[in-house]
Each structure stands twice: as C-alpha cells, then as structure tokens.
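**Student:** Next come the chains, spelled out residue by residue.
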Amino acid sequence: GIQVEQSPPDLILQEGANSTLRCNFSDSVNNLQWFHQNPWGQLINLFYIPSGTKQNGRLSATTVATERYSLLYISSSQTTDSGVYFCAVPDNYGQNFVFGPGTRLSVLP
Amino acid sequence: GAGVSQTPSNKVTEKGKYVELRCDPISGHTALYWYRQSLGQGPEFLIYFQGTGAADDSGLPNDRFFAVRPEGSVSTLKIQRTERGDSAVYLCASSLTGAFTDTQYFGPGTRLTVL
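First to last, the protein sequences are chains U and F. Here the first sequence stands for residues 60 to 168, numbered as in this note's numbering. Here the second sequence stands for residues 48 to 162, numbered as in this note's numbering.
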C-alpha cells in the first residue's frame, strides 16, 4: 500500500516563529488532507489540498503532486498551535485515509 | 449542529472481556469510519460504512473485531476477548458522502485500556 512519511518528527518553536512541515507519499494521489490533533486528542481537518496552494489565516499548504510531497507552513506560531500535525492520503482503493506518523509541534511562550 | 460524539470517553477492562464502543456521527452523514490510534502514531484505518453496510472492513485486525451500523446512523465497534495489545484510542469520523473531497470530522475518541 501507499506509504506516508513526515518530517521532522518533533519541532520546538518559540512563539512568533515560522515553520515548515513536510509530507512525502509513495504513490500518486488525488486527495491529501492535513490534520491537527490538539493536546487533548481532538483531530481537526485543516486543509484538503490534492494540488496547488491554499491559505487559511496563518496556515498555508502546498502540494506538488507530481513530486509526491506536500508542505504545511505555519507563520507567527502561537502556543495554541501546539499538537501533532498529520497528513493523510487515500489508500489504493480511495475509501479511507492512510495517515503519516505526524510531526509533534511544541510552541513555547 | 453537534459534532461526532463517542462514548464512553474512557474504558478500562480486563483481558478476555467483551467491550462495545459507540459512535454518533453528524446527522445526515452517510459515511462513517473507525480508526485506531496507538501512542505516538497516526490513526490506523479499521472499517468504513456507507449507510448501513460496511463498504471496507480491510483494516479490522482479526475476527475479534466487529462493527455494525444497523440504521445508518449510530455505529458500535465490538471487541471480543480483549487483549492487552488492543489498548489504544479508538476514533470515529463521519463525512457527508464518503467522496474523496469530503472532509472527515472526527470524534474525541474512546481510550481503551486492557489490563
């Protein structure tokens, strides 16, 4: 099946700093989603981004489908951005998501 | 409206016991998913329902795991003869139609601990 890798595994930032999270996937996809899991375990969808670039406030995401990677940018980070960021792509049958291992982000005040 | 809800939020059981985990999806969502998340890992797909039927159960680890959605709304994940390795957070998600472009909305999860 499709493989998903994320880097870095852990990231510690000072409040106000910017960061870039990367997601690599092993096969072509027609869907890619980024999720944030807060410290209480709640998963929230951030972006549906199969290709191109999208922005939502301080967050933006870019997927280059032909090169099989996606980037999530966080600007002017806040302590509330802390948590784990996952990218997810459909499995070979497209019925469910395969999640990457996540990037754990800690934003310090 | 209300989001996806899951009950119980925590369940502690003994090895060999039977447990049921419940998921209430967002009203009107036809697609429902169960995932399992072990500590430090991403969610792992278990089963996907479209309406009342299990469209894909390829993620269920073995025949001790079973899930139902009899009326196309609430779903129950059932685990027989629990083992310590079943300890994890069990997540439920729903989406409007199950299409590729649909957003999956996740519940808060049920933390299962098997002693």
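A hint or two may mislead.
[Said to hold, decoys possible] Just a sample of chain U residues kept apart from chain F, beta carbon distances all over 10 Å, derived: (1) G75; (2) N90; (3) Q92; (4) R117; (5) Q137; (6) A147.
[Claimed, not checked] Going by beta-carbon spacing under 10 Å, a handful of chain F positions derived as facing chain U: (7) Y65; (8) Y80; (9) Q84; (10) G87; (11) D103; (12) F112; (13) Q151.
Please keep in mind that the hints were generated in silico from the structure rather than gathered at the bench. Bear in mind that the values here come from a model prediction, so they are computed numbers and not experimental data. Glycine residues also receive a C-beta, built at the ideal position from the N, C-alpha and C atoms.
**Student:** Work down the list of hints and note, for each, if the structure agrees.
**Tutor:** Here's how the hints hold up against the structure:
1. G75: Given that every Cβ of chain F is farther than 10 Å from that of G75(U), nearest at about 28 Å, it holds.
2. N90: Its Cβ does come within 10 Å of chain F, the nearest being 4 Å, so this is violated.
3. Q92: violated (8 Å)
4. R117: Since the minimum Cβ distance to chain F is about 20 Å, R117(U) lies beyond 10 Å and the statement holds.
5. Q137: holds (22 Å)
6. A147: Violated: least Cβ distance 8 Å, not greater than 10 Å.
7. Y65: violated (25 Å)
8. Y80: This hint holds: Y80(F) lies near chain U, its Cβ roughly 6 Å from the closest one there, short of 10 Å.
9. Q84: holds (8 Å)
10. G87: holds (8 Å)
11. D103: holds (5 Å)
12. F112: It is violated, given that the least Cβ distance between F112(F) and chain U is near 15 Å, above 10 Å.
13. Q151: holds (7 Å)
When held up to the earlier numbered hints, the structure conflicts with 2, 3, 6, 7, 12 and fits the remainder.
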